[in-house]
Each structure stands twice: as C-alpha cells, then as structure tokens.
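Protein chains: 2
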Amino acid sequence: MTNRKYLPILLSFFLSYPAFSQTPKVNPDRLHESLMKLSTFGKNAAGGSDRVAYSSYDLHAREYVQGLMKEAGLDVSIDFAGNIIGRKAGKNPNLKPIAFGSHIDEVPNGGDYDGPVGSMGAIEVVRTFSENNITTDHPLEVIIFANEEGGVVGSRALAGALSEDALQVVSNSGVTQYDGIKLLGGNPERIPELKRNPGDLAAYLELHIEQGGILDAEKLDIGVVEGIVAIEWWEFTFAGKANHAGTTPMNKRNDPMLPAAQFVLAVNEIVNSYEGRQVGTVGKIQAFPGAGNVIPGEVKVNVELRDLSSEKIWKIYADIEARGKQLALESQTELAIKHIEVASKPALADPEIRKVIQAQAEKLGYGTKSLPSGAGHDAQEMARIAPMGMIFIPSKDGISHAPAEYSSKADIANGANVLLHTILELDKLLK
Amino acid sequence: MTNRKYLPILLSFFLSYPAFSQTPKVNPDRLHESLMKLSTFGKNAAGGSDRVAYSSYDLHAREYVQGLMKEAGLDVSIDFAGNIIGRKAGKNPNLKPIAFGSHIDEVPNGGDYDGPVGSMGAIEVVRTFSENNITTDHPLEVIIFANEEGGVVGSRALAGALSEDALQVVSNSGVTQYDGIKLLGGNPERIPELKRNPGDLAAYLELHIEQGGILDAEKLDIGVVEGIVAIEWWEFTFAGKANHAGTTPMNKRNDPMLPAAQFVLAVNEIVNSYEGRQVGTVGKIQAFPGAGNVIPGEVKVNVELRDLSSEKIWKIYADIEARGKQLALESQTELAIKHIEVASKPALADPEIRKVIQAQAEKLGYGTKSLPSGAGHDAQEMARIAPMGMIFIPSKDGISHAPAEYSSKADIANGANVLLHTILELDKLLK
Numbered sequence: 001m002t003n004r005k006y007l008p009i010l011l012s013f014f015l016s017y018p019a020f021s022q023t024p025k026v027n028p029d030r031l032h033e034s035l036m037k038l039s040t041f042g043k044n045a046a047g048g049s050d051r052v053a054y055s056s057y058d059l060h061a062r063e064y065v066q067g068l069m070k071e072a073g074l075d076v077s078i079d080f081a082g083n084i085i086g087r088k089a090g091k092n093p094n095l096k097p098i099a100f101g102s103h104i105d106e107v108p109n110g111g112d113y114d115g116p117v118g119s120m121g122a123i124e125v126v127r128t129f130s131e132n133n134i135t136t137d138h139p140l141e142v143i144i145f146a147n148e149e150g151g152v153v154g155s156r157a158l159a160g161a162l163s164e165d166a167l168q169v170v171s172n173s174g175v176t177q178y179d180g181i182k183l184l185g186g187n188p189e190r191i192p193e194l195k196r197n198p199g200d201l202a203a204y205l206e207l208h209i210e211q212g213g214i215l216d217a218e219k220l221d222i223g224v225v226e227g228i229v230a231i232e233w234w235e236f237t238f239a240g241k242a243n244h245a246g247t248t249p250m251n252k253r254n255d256p257m258l259p260a261a262q263f264v265l266a267v268n269e270i271v272n273s274y275e276g277r278q279v280g281t282v283g284k285i286q287a288f289p290g291a292g293n294v295i296p297g298e299v300k301v302n303v304e305l306r307d308l309s310s311e312k313i314w315k316i317y318a319d320i321e322a323r324g325k326q327l328a329l330e331s332q333t334e335l336a337i338k339h340i341e342v343a344s345k346p347a348l349a350d351p352e353i354r355k356v357i358q359a360q361a362e363k364l365g366y367g368t369k370s371l372p373s374g375a376g377h378d379a380q381e382m383a384r385i386a387p388m389g390m391i392f393i394p395s396k397d398g399i400s401h402a403p404a405e406y407s408s409k410a411d412i413a414n415g416a417n418v419l420l421h422t423i424l425e426l427d428k429l430l431k
Numbered sequence: 001m002t003n004r005k006y007l008p009i010l011l012s013f014f015l016s017y018p019a020f021s022q023t024p025k026v027n028p029d030r031l032h033e034s035l036m037k038l039s040t041f042g043k044n045a046a047g048g049s050d051r052v053a054y055s056s057y058d059l060h061a062r063e064y065v066q067g068l069m070k071e072a073g074l075d076v077s078i079d080f081a082g083n084i085i086g087r088k089a090g091k092n093p094n095l096k097p098i099a100f101g102s103h104i105d106e107v108p109n110g111g112d113y114d115g116p117v118g119s120m121g122a123i124e125v126v127r128t129f130s131e132n133n134i135t136t137d138h139p140l141e142v143i144i145f146a147n148e149e150g151g152v153v154g155s156r157a158l159a160g161a162l163s164e165d166a167l168q169v170v171s172n173s174g175v176t177q178y179d180g181i182k183l184l185g186g187n188p189e190r191i192p193e194l195k196r197n198p199g200d201l202a203a204y205l206e207l208h209i210e211q212g213g214i215l216d217a218e219k220l221d222i223g224v225v226e227g228i229v230a231i232e233w234w235e236f237t238f239a240g241k242a243n244h245a246g247t248t249p250m251n252k253r254n255d256p257m258l259p260a261a262q263f264v265l266a267v268n269e270i271v272n273s274y275e276g277r278q279v280g281t282v283g284k285i286q287a288f289p290g291a292g293n294v295i296p297g298e299v300k301v302n303v304e305l306r307d308l309s310s311e312k313i314w315k316i317y318a319d320i321e322a323r324g325k326q327l328a329l330e331s332q333t334e335l336a337i338k339h340i341e342v343a344s345k346p347a348l349a350d351p352e353i354r355k356v357i358q359a360q361a362e363k364l365g366y367g368t369k370s371l372p373s374g375a376g377h378d379a380q381e382m383a384r385i386a387p388m389g390m391i392f393i394p395s396k397d398g399i400s401h402a403p404a405e406y407s408s409k410a411d412i413a414n415g416a417n418v419l420l421h422t423i424l425e426l427d428k429l430l431k
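Keeping their order, the protein sequence lines are chains A and B. For the first sequence, the residue numbers in my numbering are 1 to 431. For the second sequence, the residue numbers in my numbering are 1 to 431.
Derived by calculation from the structure, the hints in this document are not laboratory data. Among the clues, some could well be false.
[What the hints assert, rightly or not] Stretch by stretch, here's where chain A covers chain B in the computed footprint (C-beta under 8 Å, at least three residues): (1) 84-98; (2) 210-218; (3) 248-259; (4) 266-277; (5) 368-382; (6) 398-406.
[Stated by the list, open to error] Below 20 Å or equal to it, Euclidean Cα-Cα: the simulated EDC-like pairs (lysine to aspartate or glutamate) are: (7) B:Lys325 <-> B:Asp397; (8) B:Lys338 <-> B:Asp165; (9) A:Lys91 <-> A:Asp137; (10) A:Lys252 <-> B:Glu269; (11) A:Lys241 <-> B:Asp165; (12) A:Lys312 <-> A:Glu232; (13) B:Lys241 <-> A:Asp137; (14) A:Lys252 <-> B:Glu275; (15) B:Lys431 <-> B:Asp137; (16) B:Lys252 <-> A:Glu275; (17) A:Lys252 <-> A:Asp137; (18) B:Lys252 <-> A:Asp137; (19) A:Lys312 <-> A:Glu269; (20) B:Lys315 <-> B:Glu275; (21) A:Lys252 <-> B:Asp165; (22) B:Lys182 <-> B:Asp165; (23) A:Lys88 <-> A:Glu63; (24) B:Lys252 <-> A:Glu269; (25) A:Lys25 <-> A:Glu362; (26) B:Lys91 <-> B:Asp137; (27) B:Lys252 <-> A:Glu63; (28) B:Lys252 <-> B:Glu334; (29) B:Lys241 <-> B:Asp165; (30) A:Lys252 <-> B:Glu352; (31) A:Lys182 <-> A:Asp200.
Backbone N, C-alpha and C fix where the C-beta goes; we use that ideal spot for every residue, glycine too.
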C-alpha cells in the first residue's frame, strides 16, 4: 500500500503537469490578486470605486490591464472606440475569432466586481492557456470594452449601433463620449469603420457577477444566462382637480392620489399574477403641485416591466393599461399614458452556447441554474453581431453598483474555469 | 283702492329715506365699484392679481383704500406693523371698539375677492352708517391688515404673536417682513408696543369669501363660521431595501412603495370613517432614489389633517398611525413618523356672535349654513385677543388663490349687509 500521506502531493504534481492535465484550471490566487490590484485604481474613502470611464483612474487602470494582457501573450491594441483588444492567433487562421471579455469602468461609488470579474477572468483564461501550452484552433480575442456603465459605448460601437448624438452625451467623468474616447486613445471620427458584422466573430462570451441575489440565496455556483431582458417604461398620469386641502370637503374632492395608489398596487398584483420571471416596478411617483396642503391635480406613476420576451411584456402591459383605465373611470380622473423609449430589446443567449456552458459547469462539479439577466451588459450589444453566451457567478446579497458588491475568490475562479472550458469546447464544436 | 302700480315706488321712497328705514342696507353698486377699482392695482395679463404685500401695487392700493376710508368718515392711521386702522368714535367713549376688516394683499397671480370683499365691505358698512346718520354706542375700528397672505403678519402683530425671527422671512415681493413693514409706513422695531390684550376690543368681525364650494353648491347666501380649523402635518417614511429593478425577483423584494400605496388609501378611508367635517389629505408622496429602474429604498408620504377640534384630529391620527404601523409590519418595512410643526391651533368663533350673525342673516332673508373655515384668516389671530365672528359668502366653484376666483355683486352686498346688522346688534348687546 502506498502511504496515503503522499497521495495528494503526487496527485497534485501529476495534475499540474500540463501535458497530463485533463482539466486545466485557472490560478485562483493570481486571478484574485489581479482583481485586488485593479480595485486600487479609484478606490474612495467609502470603500467604493470611483473608476468611472475616462477618469484618470480609468486611464491608469487601463495601462495596468494592457500590461497584464501583454504578459499573458496577447497582442494588444486600442480600437477607434477606445476598446482594448488583445489578440492571440489560433492554429487555423481561416476560423473566426472567439471573443470574450467585459469592462473595467464603474458607476460612481461603485464596486470592485461588476466588470472586473469578467475582464480579469478573461485575461486569466489566456494566461492559463499559455502556461498549459494550449493553442486553440480559433483565434482568440479578449475585449475590455470602453465605458460600459455610461451607455455600453464600446460594445455598441462594435455592433455598429452607436449614434453620433450619443457621442455628444456627457459621461460620468464630465467629458463627452467623443472627448472621452479620445482620452482612451480611440478616434471617435472613425468609429463607423470598426463595425463588426454577423459572422465576423465565432462567438462572444462574458463572465459577470449576477447583480441579483438568486445564486447567492440558492447557494449555487454558476448561472447559465438565458438572455438579457427587454425593458419597457411607461408614465401613467392620473389627473383630477387640484384644490385647497382645507376648504374642500372629502365628498367634493377629485383627488388623483387615490387611483394612483390603487394603480401602484395593481401593477404589483398583475405582474405577480403571471408565471415566470418577469419583473415590474414602480420606482417613481410624484404628485403635482406636491404640497402637503394642496389636493394634487396630477399624480404621475412610472411603470417598468422587464422580461426575456417582449411579447410577454406587452401582454402584461395590456392588463396594466386596462386596470389603469378602469381605476380612472371609477375615480372620475383623466388618465394619460406615455410610453418612454428606453431602447432596450431582449438579447437571447445562443442555445448551443448555453448548452455548452451548462455541460462544462456540470463537468467541473458546479451547481448551476439557468436564469435571465435583469441588468444590461456589453453582451447585449454583442448579441447583435455574434452568437452570445454569458456566465454568472454569485454576488453576495445581490448587491451591485455599491461599495458592498462582493463575490468570493472561489466563486470568481469557478466562473473563470467555466469560461475557460466553454472556450475549449466551442473551439472544438465551431468549425 | 290705491293704484297698485305706484305702490312699489312709494314703498321704495319710504324705505330709502334714512330716518324711516328699519333695515339700512349697503349700496351694492358702490361696494362693487370700489372692489373693481381695487382690482386694477396689480392686475396681470392672465387676469390675476399680483398685488402681493409690500409690492408697489400694494402700496398704491393702500393709498386708494385710505382715501375711501377718509371719505367714509374714518380717522385713518398706520400702526407699527403697517396695518391701516380707521377709527370712528362711538356715543359711549367708555366702551371698547368693535373691530372689523380684512386684507387687500394677494398671493402671486391670485384673485380679486379673497380679502378685498371683507375690506371693501367693512368700509361700505361705515359709509352706510354715515349716510344713514347712524352712530353706534361702541367706537368702531376698521382694520386693513398688513400681509395676510405672507404669514398673517399684521394680525399676528396685533395679537402679540409675531416673532422677531418671522420679521426676517423674505415675503413674496422679495423683501423681508422687516423691510416690507417699513415700506408700508410701519416701524418693525416698535411692533411689541402695539399688542392688544384680551378685553381691549369688544369684538372682531370679518367678512370673507368661503374659499370652498359648499355655499355655491348648495345655493346658500351666507356661511356662519364655526371657527377656523386646526392643522396638523405628519411625514410617514416607509423604508425597505433599494435594489436593482431588473435583477431582483418579485419575491425577493422589500419594496416600500407597496405599504406606502396602501397607506395612502388607508388615510382616506380612516378620515371618511368619522362623522363630521374633518378633512385629511395626502398631497405629497416621494420615492427615493426615485428612478424608474430602481426599487425604492424609501417612500415618504405627507399626511395633513384639519378639524375644528384638535382632540378629534389626534383621535383620527391615532387610527392612521396604528394602520401605518400594521402595514409596515405586514410588509416588513421600517416606519418612521415625524410630526411637522405648522403652528396652527383651532380658533373657535364666539358662540354669541355666531348666534347674532345667524339671526341677522335670517332676518335679512338669506339662506345660511354653519360651517368651519378650512383656510386660515386674520380672524384666527384676532381670536386670541377678542371674541371673533366670521361671515362667509359663496365663492364660485370654491376656487380661490387663482384668477378665476369670483363672487357675485349680490352675494358681496348680502355679506356686507350681514356684517352691518351684526355690528348694530352687537352694539346693542355688548355693554
């Protein structure tokens, strides 16, 4: 009998030797170290990240990231939109690249994981390939997108969907997208030239924190993203008659606050009455004139619906609209409805890629769940031009866009391993 | 048989001859003309009045009013607070004056009746006394109060309740009360000297438009005011957990919008569940952060209650508070309640004066109704130092503080007649 004491050491030696390893894995410590280093760029006193796009924090962080990408063996360049592109040749130059990445910019006072996990994860995957002497058939392309939080600017540019007007919008750092892109080393005038067309990429993959509490609550390791939900907004305005709150008897009032309050409850009830994972939110309500001593003349209620199916959103909306009209009729108020353009179409993940992610995660022994992404991502834009897949990892308590955003070192490594094996599997499947 | 054709003419001649008239009456045309002339000071393009206190419109109107008062035989002066005081001696110099009046300043873009009806009505009563050779036993005092709409400044000064801090408040015309009072010819430094004490006046009477729609809707001529209601304000804050409206599933939400909406409906239901004329209003509701794509972390709801009885207000409030706490408990939100000081105590009309107003209105053949005043008035301040009575006339559709504010010539004359006869009756009763 072999002394069991030495077995793990022998096993570990055996598995770490590239040629014999059946399941190459990322280095959790190295990956985490790069994330922690990245988090120092723009760390504020509250423990949050002020690394908004185009800020000096962003610029310095991008230098650090380019260094890492070069060390990993990537050929690094900045495209016209300011995206950092890291290329690695494949064995077959006739194949289209498999692209993967995320972003490193944050919302003001944001966290350290939303974007960085997928960015550092992508680089770690390439490092792992290099040290395991793995060369894929497909070329690989790591993309660190410009200004995700301020309008998915870099990915929208790649998808050919960034308008000239959007370039004039002032971003969180105080400069326009136009000027910001120049700060990143891009050339906003030439953005139309970088548009990729469907077929230019074999696939686009993105690892990201869930930004919801489902995986964390259910103690699962990996979320297989079904797609990124569509978002629709409406503003419901109930109009009655503004009047003196002291001199107008209760039975002489035409107070729109009452149907508005009933409507808020109706929205919730109707959204919950459907099976599925749709969400509906009243995040904003306002009375006009909005004084404690005046019966309001108008109350505005904002309704947001999200689902993977636009059709389902509009079905639910039809119920909400009918209920709103009924409440207005009953209360003798006037109802005006405005549909607010938020230009957010659903982006479904590619079914084949979803299957691969699912299978690889299971092979690695991780607990998985298929779920929609309620938040927007660069992957949503990339889905316009490439088969898309997204891998989620747990986000503690579902908190994001805040200093308390947190994912564990183990969860991050798990996600990067799923990304790595999904790339390897797609490299075999996509020819 | 007398030819009936001439009877009305003979009768009219007989009644119009002062010495024989049992019921002296004001001159409706003259009264209305003075109101229309007053309305020219500060009339704006929208048809509203911009005669805010201390404006040049106010200053010019005050000159016009002082001229009318002198013509009516009043001895006119300006007190330290800028109130216009018109005195007429009575037969018995040992009696305390019967005071009556109102204000001529308006809210920005206000109407022509709120204040002017009582002011011009008071002067018309004195004119009518003069042309009917009526001299009361009591001295009479017509008071045109300074800046009613900007904080019942003049009446509060007379009642000794105007704080030094209040003098530093900037009024609608853009100057402080302190500087404004100087513009009126007052002396803000010496305001403490003009305080009247209980017993200094025999009574205070005020004619005013209802500012509510009750008399107009019920086609009644005169409102016998029971008192001016107390006002209490509270701010209810329901706190849940702000979260991403896209990534947070419906069953993982802690959304304070829902108990807040239920609470709005509960306030209305509870206020209506009591007998009486109390009113309760939610005029203001706000969600924080208040974005369409964020589940609110907090929703603030403002509650106002008004009634003639403070005790009843607090009884109703106890129900509202209990319901609010129950809704918070059921929804697992935190509830914080803040009582907001609006310093508005109830001011009851003197029961004897109410009876006199009621009797005189009936004698004159007017339809009457006892009702509370839901709005504040100078009479509320004067009630601190004198037995108070108020006479309301109909206000079309209950509109006030707006260009559409309107009372008819006949209604205004009716109100002035009731004021006149109430003064004559009190002159007999109060010794």
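So, going through the hints one by one against the coordinates:
1. 84-98: Contact hint for the region 84-98 of chain B vs chain A: violated, 0 residues under 8 Å.
2. 210-218: holds (count 6)
3. 248-259: holds (count 7)
4. 266-277: holds (count 4)
5. 368-382: Held - the region 368-382 of chain B has 4 residues with a Cβ nearer than 8 Å to chain A, which meets the minimum of three.
6. 398-406: holds (count 3)
7. B:Lys325 <-> B:Asp397: Cα-Cα ~38 Å, so violated.
8. B:Lys338 <-> B:Asp165: Violated, because 23 Å separates the two Cα atoms, which is more than 20 Å.
9. A:Lys91 <-> A:Asp137: Distance ~4 Å between Lys91 (chain A) and Asp137 (chain A) Cα, so the pair holds.
10. A:Lys252 <-> B:Glu269: 15 Å, holds
11. A:Lys241 <-> B:Asp165: The given pair, whose Cα atoms are some 36 Å apart, is violated under the 20 Å limit.
12. A:Lys312 <-> A:Glu232: 11 Å, holds
13. B:Lys241 <-> A:Asp137: 48 Å, violated
14. A:Lys252 <-> B:Glu275: 16 Å, holds
15. B:Lys431 <-> B:Asp137: 9 Å, holds
16. B:Lys252 <-> A:Glu275: Holds, at about 16 Å.
17. A:Lys252 <-> A:Asp137: Since the Cα atoms of Lys252 (chain A) and Asp137 (chain A) sit roughly 77 Å apart, the hinted pair is violated (cutoff 20 Å).
18. B:Lys252 <-> A:Asp137: 44 Å, violated
19. A:Lys312 <-> A:Glu269: Judged against 20 Å, a Cα distance of about 16 Å means the pair holds.
20. B:Lys315 <-> B:Glu275: Roughly 13 Å separates the two Cα atoms, so the pair holds.
21. A:Lys252 <-> B:Asp165: Measuring from Cα to Cα gives roughly 38 Å; hence the hint is violated.
22. B:Lys182 <-> B:Asp165: Between Lys182 (chain B) and Asp165 (chain B) the Cα gap is close to 16 Å, so the pair holds against 20 Å.
23. A:Lys88 <-> A:Glu63: Measuring from Cα to Cα gives roughly 19 Å; hence the hint holds.
24. B:Lys252 <-> A:Glu269: 15 Å, holds
25. A:Lys25 <-> A:Glu362: 15 Å, holds
26. B:Lys91 <-> B:Asp137: 4 Å, holds
27. B:Lys252 <-> A:Glu63: With Cα atoms ~40 Å apart, Lys252 (chain B) and Glu63 (chain A) exceed 20 Å; violated.
28. B:Lys252 <-> B:Glu334: 17 Å, holds
29. B:Lys241 <-> B:Asp165: 40 Å, violated
30. A:Lys252 <-> B:Glu352: 30 Å, violated
31. A:Lys182 <-> A:Asp200: 26 Å, violated
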